[in-house]
Every structure is written in C-alpha cells, then in structure tokens.
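Chemist: Spelled out, the chains give:
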Amino acid sequence: MIETGFALSWIDYTIMIVYFVFVLGIGWALKRYMKDANAFLEAGRSMPAWVAGLAFISTNLGALEVMGMAGSGAKYGMLTTHFYWVGAIPAMVFLALFMMPFYYGSKARSVPEYLKLRFDEKTRGLNAILFAVMTILASGISMYALAILMEKVLGWNFHLSLVLSAAIVLGYTYLGGLSSAIYNEVLQFFIIVIGLLPIVILSLQDLGGWDGMKDQLAPIVTAKGYAADTWTTTWKYTGSAAANPLGVEWYGIAAGLGFVLSFGYWCTNFLIVQRAMSAKSSTAARNTPLIGALPKMFIPFLIIVPGIAALVLLNKQGSGFTLPEISPGHYNYDYTIIALLKQYLPAGVLGLGITALLASFMSGMAGNVSAFNTVWTYDIYQSYIRPVTADKASDDKHYLFVGRMATIFGVIVSIAAAYLASLFGNIMDFLQTIFSMINAPLFAVIFLGMFWKRTTGHAAFTGLLAGFTVALLHHGLTVPEGAATLVKGGWICNLHTYPVEMAQNFWTAIIAFSTSAIITVGLSLITKQKKTDEDLKGLVYSLTPKHVETDIPWYERSSTLAILVLAIGTILTILFW
Amino acid sequence: MGIDIKFPIGLMFFILGLFLTFFGLITNGDTALYSRSLGININLWSGGGMLVFGLIMLFLSWRSKKAKTP
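Residue numbers (the numbering used here), protein chains in the order written: chain D, 1 to 577; chain V, 1001 to 1070.
These aren't lab readings, by the way, just hints derived from the structure by calculation.
Here a beta-carbon is modelled for each residue, glycine too, at the ideal position from N, C-alpha and C.
Mixed in with the good hints, there may be bad ones.
[Said to hold, decoys possible] Listed below are the simulated SDA-like cross-link pairs for lysine to any residue, each with C-alpha atoms no more than 25 Å apart in a straight line:
1) K1068(V) x R45(D)
2) K1068(V) x P553(D)
3) K31(D) x I1015(V)
4) K1068(V) x G25(D)
5) K214(D) x R1036(V)
6) K280(D) x L1060(V)
7) K453(D) x T527(D)
8) K1066(V) x W50(D)
9) K31(D) x K1065(V)
10) K31(D) x G1002(V)
11) K1065(V) x I552(D)
12) K1068(V) x K316(D)
13) K1066(V) x R45(D)
14) K1065(V) x A29(D)
15) K280(D) x S1064(V)
16) K280(D) x A1067(V)
17) K31(D) x T1031(V)
18) K1066(V) x F22(D)
19) K1065(V) x W50(D)
20) K537(D) x G44(D)
21) K35(D) x D1004(V)
22) K31(D) x T1069(V)
23) K316(D) x I1040(V)
24) K31(D) x W1062(V)
25) K122(D) x W554(D)
[To be verified] Interface residues of chain V toward chain D, partial, derived using beta-carbon atoms under 8 Å:
26) G1002
27) I1003
28) I1005
29) L1016
30) F1019
31) F1023
32) L1025
33) R1036
34) S1046
[Said to hold, decoys possible] Quick list of the computed label-pair ranges, beta carbon to beta carbon:
35) L154(D) x T1031(V): 24 to 30 Å
36) I220(D) x V1052(V): 33 to 39 Å
37) K1065(V) x D551(D): 23 to 29 Å
Given these sequences and hints, build the entire structure.
Modeler: Spelled out as structure tokens, the structure:
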C-alpha cells in the first residue's frame, strides 16, 4: 500500500452510508414513474433547467477529471483553467444558443437520431455504434479506476469494490433510468463542492492565502526555468511554447482547445447533450448549458487551486506532504487530491471528501450507462433489430423492457471493460485520444448539417469516416517528445515530433475537423440532396422559424444568461491573464 | 419528473450536517485530531454549513410544494 493510505473511523463510514442510502432511495422513489421508454430513457423530457444544468456539468466532473485536473494544477498551474474557460465556455454558449434549438426542436431522442433525421440511416448507424462502444469502455475505465483507488487508499478488496460499485450503479439506474442518473448527478455536484471545499480553504490558509502561495511559488517555478508568476497566469506566457509548462502557443490553445476539441466535446457528446435534451421545454433546453456554465467557471478554484497549493507543499521543508514517485524526482500527480485529503482532513470531513470522490466515480459510470441505454434502445435496437409496430401500447412496454435490459447489459460489459483496463495500463489515454478523433469530425458534420441545408447524407457519412481515418493516420505518424509507448503515437513511423502530448492532441483534432469539413462540403456539392425543404424544417437554421424571446421575462431569456456567462468568463480571464 | 429533488438533497445534507456537527461538538478541543486541520474544528464548521444548506433546500422545496397546491 502506498504512503497515502488511510484508515477510516465510524463517522466516515456513516457519512458514506447515508449518501448511498439516498442515492438508492432516489432511484427507488422514481420507480413508479417509469411507465414507458420515454420516461426511462429520456426522463420524460421534464427536467427543470437548473436540474438539467447542474447535471450537465456534473456528468463532466468525473473522478478521473477531478483527480486529473488537480494533478494538472500542480504540473501546469493556472494554465489548466484553459480547459474550463476558453476551452469550455464558448462551446457551451454556442451549444445553448445555436445547436440546442435543433437538437431539442427536432424531437430527436439522441444525437445519432438527429443524424438520421438530418442525414440518413448509415450516418446514424456509424455514430451510434462508435458512441455505444466508447461510452461503455469509458464506464468500465471509471469502474476500474475506482476499484484500484479504493484498494490502494483504503485497503478494500479490488474485486469487491468493483462489483459493489457496479451493483449500486445498476441499482439506481435500473430503478429510475435517466431521471435517477440526472437527479443523482445534481446530488453529486453538491457533495463534490461541499466535500472538497475544506481542502481548498485549509491549503490556502496554510500557505498564507493566495498571495502567500504566489510568493512561495516564485522560487519553485523559477527553478524549473519559468518566470516567477507562470503558475498563476493563464495567457501571459503563451507567446512561445518554451515559456509555459503546457508547451503550446496561444493559437494552439485557441484553435485546438478553444475551438475544435471543446466544440467537439460539448456540442456532440451525447452523454452531455442528453442532459440538455431531457429539459422540460425549449427555453429550458437552451438555458441548460448556460446554467451549467456558471458553476463550471468557478470549479477551477475548487480543484485546480489546491493542485497548485500541493506543488508548494511538495517543495516545502517540513510540510509532511508527499506524493508517490514513479521514478526518483518524478511524482505521480494523479494522487494530488488524495494526498491533500490525507494532509488536512481529520475524521469526519475526511469521510465527506472520500464520499465526494466515490460519488464522482459512480456518477461517471451511471452517466455513461444511461447514455448507452438510450443509444442502444433507440438507435441500434429500434433501428436495426426490432422496429416500431402499429401497436403503440405494447411497443411502449417492450422498449421499456429493452431499456432495462440494456442497463443490466451495459453494467456487465462495463465490468468486463474494467478488467480489460487492468490489463492495459494506458487505456484511459488511449480512449481520450480516440474520443477526440471521433468528436472533432462529428462536430464538423453536425455544424455543417445545422447551418447549410445543402449538406447531404453521403457527404456526412464519408466526412465522418475520413476525418477519423486521417486523425488516426496523423496519430500514427507523429510522436510527442519522450513518448515511451506506441499508444502515444508513431506506430506507423515517426514523421514529426511534437514538444508535448497536448500539442499532438490539438493538432490531431484540428486535422480531423478540417479533413471532415472539407470532405463533407466537397462531397455535398457533388452528391444529390435527398431531403426536401419540408423534411429539413426544424433541423436546419435557414428553414427554422426564429426563436422569439419577447414573451419571456428578461431574467429567463437565453440571451441574458449568455451575456452573463460571457461577461463573467471575460472578467475571470482578465483577472488571471 | 415526479419528485422534487430539492427535498432529498435538503434532507441528506441536513442529516449529514447533524452528524458532523454532533461529532464536531464531542471532539471539540481534541488538539491531536484537529492538528492537521490547522487547529480549526473543521467538522463543526462543515457540519454547520451543511445544516444551513440543507435547511435552505428544504425550505425551497416546501415553498415549491406550496406553490403547486392551490
């Protein structure tokens, strides 16, 4: 067991048990509302905007993200906020104002279904199958990471943790479907904030506040060869790759992260979009990403700042703070949050912190399983295995049954994926890479589909395939400097070396997006558009009536919220420039 | 759908708040336990905060319910 293991007391276990009782209880309370597939897989399209909004970002607050971002805070400082500010806010605002009208208004029940309505069956099929596989793998990886963490940190049996966590997730998603997943994500959001707040407050207090931390950072950072305030600024040192620890220039961040990667993720990933689609009205659906964006902008202060504090503590004589080492001098920053919990939290709040981590792992799993259910039932099963019949009542019952079975199936396959992950150390990085190769082309295709009525099905399908293939080739032909395994790239041959992995990721995404866009536009011009204007009404910008907001009070309008979000984002960017 | 999530959230944090505040009170002055949290009885503060948050959520939930029933 590593040095960051700890023993829990009765109060810690009590907190955990109370939490899980409520999680399962919510599922149980929802059971009687699960009358048909629509209720089970789409939450009956009845979620209030604030619930959908919090679930929207909570889904994204998986434990791997939480722990990873804290580690990144130690490794890169406030530059990590690029993943939360420029790398999320523009995309979320764009999704809210320009894409949700089509996702929600088209009555598509999933992103693949939008593709079918807008393009054709084969485009839907390609996306549905890729998404289904990727999302179950992601669920399995979460499960694996949870079990490993519990084994290393709490000494619990790996297999028992795995099966127990799978059982809890299965329990509440089987009982209450998407509604259960969403409500629990809202619960999870609050417990993460409340559970992690103590270490933020205590670590900053310990270092003499923000200014005290800045002062102590200066010698550590200059020793690494950077300017003294590099860890507390975001854009100042992005003029050249060598001036910042991320190893990218500002245009790489803006185009790669700020545009392609973030739009590819936030605007097309069904796991995220599903939460907005569950909203109770078109206005609520539009407001969901905007409501989610507000807390999203402040999460860096919860997760990244303690990571920066950890760097100071690591280098501070007599602090008692350590991280496990991969090799002499090279720390495993993934354990940053764990080490901070151990450093500052006595029994009681410690249990709260561990519960927060457990909660975020499980909600990652539940989110993936609920997205999988919907895509499996509607896009794969209903499309290819057993389509709708004339008997609506028996159809409803049948698809509800299929949805429930898909939950069980999804959890079982996730367990298998978890064991697969245990065999391949780098599987998480690999999955992230593949996801961005799929998302970037998908964004190009959906964007073109929503704003250019001339885009055709053949072009979209080919664009998706081409974008993915070219991205794969790019990955096979380039390596980041110092890459040890073939999972990082260069498995065909090494034509180009990138200074850091992030640069390679950005360029892979940019190339995937561009290829897909060019091919889709090109082929659309030479293939026949099979859809009439009537078919495309509500699916394309030029053929959809404009949204009128004058009958809604100003504080509920999407435009007001969007302006608020962008204003706060701009202020934060300026404050931490 | 069906349930008002503010209620379970409020109830859970209220209960957790009770537990932590209670624990914080009985361990108050335990310098060994709170040495790692810089001498602050973080359980008491956290518990108190959760109690307040839970009560706010419960209040909001009760208010929604009242607004629904004529």
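Chemist: A separate judgement is required for each hint: does it hold in the structure or not?
Modeler: Hint-by-hint comparison with the structure:
1. K1068(V) x R45(D): holds, 19 Å
2. K1068(V) x P553(D): The hint holds at about 21 Å.
3. K31(D) x I1015(V): holds, 24 Å
4. K1068(V) x G25(D): Measuring from Cα to Cα gives roughly 24 Å; hence the hint holds.
5. K214(D) x R1036(V): Roughly 22 Å between the alpha carbons, so the hint for K214(D) and R1036(V) holds.
6. K280(D) x L1060(V): holds, 20 Å
7. K453(D) x T527(D): Distance ~13 Å between K453(D) and T527(D) Cα, so the pair holds.
8. K1066(V) x W50(D): Answer holds: K1066(V) to W50(D) is near 19 Å, not above 25 Å.
9. K31(D) x K1065(V): holds, 21 Å
10. K31(D) x G1002(V): The given pair, whose Cα atoms are some 10 Å apart, holds under the 25 Å limit.
11. K1065(V) x I552(D): holds, 23 Å
12. K1068(V) x K316(D): violated, 57 Å
13. K1066(V) x R45(D): Satisfied, since the Cα-Cα distance of roughly 24 Å is no more than 25 Å.
14. K1065(V) x A29(D): Distance of about 17 Å is within 25 Å: holds.
15. K280(D) x S1064(V): holds, 17 Å
16. K280(D) x A1067(V): The hint holds at about 18 Å.
17. K31(D) x T1031(V): violated, 47 Å
18. K1066(V) x F22(D): holds, 24 Å
19. K1065(V) x W50(D): Judged against 25 Å, a Cα distance of about 17 Å means the pair holds.
20. K537(D) x G44(D): The hint holds at about 24 Å.
21. K35(D) x D1004(V): Roughly 18 Å separates the two Cα atoms, so the pair holds.
22. K31(D) x T1069(V): holds, 23 Å
23. K316(D) x I1040(V): holds, 22 Å
24. K31(D) x W1062(V): Between K31(D) and W1062(V) the Cα gap is close to 22 Å, so the pair holds against 25 Å.
25. K122(D) x W554(D): Violated. K122(D) to W554(D) sits at ~42 Å, over the 25 Å cutoff.
26. G1002: holds, 4 Å
27. I1003: holds, 5 Å
28. I1005: It holds, given that the least Cβ distance between I1005(V) and chain D is near 5 Å, below 8 Å.
29. L1016: holds, 6 Å
30. F1019: holds, 6 Å
31. F1023: Constraint on F1023(V) satisfied, holds at 5 Å.
32. L1025: violated, 11 Å
33. R1036: holds, 6 Å
34. S1046: Hint on S1046(V): holds, closest Cβ of chain D at ~5 Å, below 8 Å.
35. L154(D) x T1031(V): 24 to 30 Å: holds, 26 Å
36. I220(D) x V1052(V): 33 to 39 Å: Given range 33 to 39 Å: holds, Cβ gap about 38 Å.
37. K1065(V) x D551(D): 23 to 29 Å: holds, 27 Å
Checked against the numbered hints given earlier, this structure breaks hints 12, 17, 25, 32; the rest are met.
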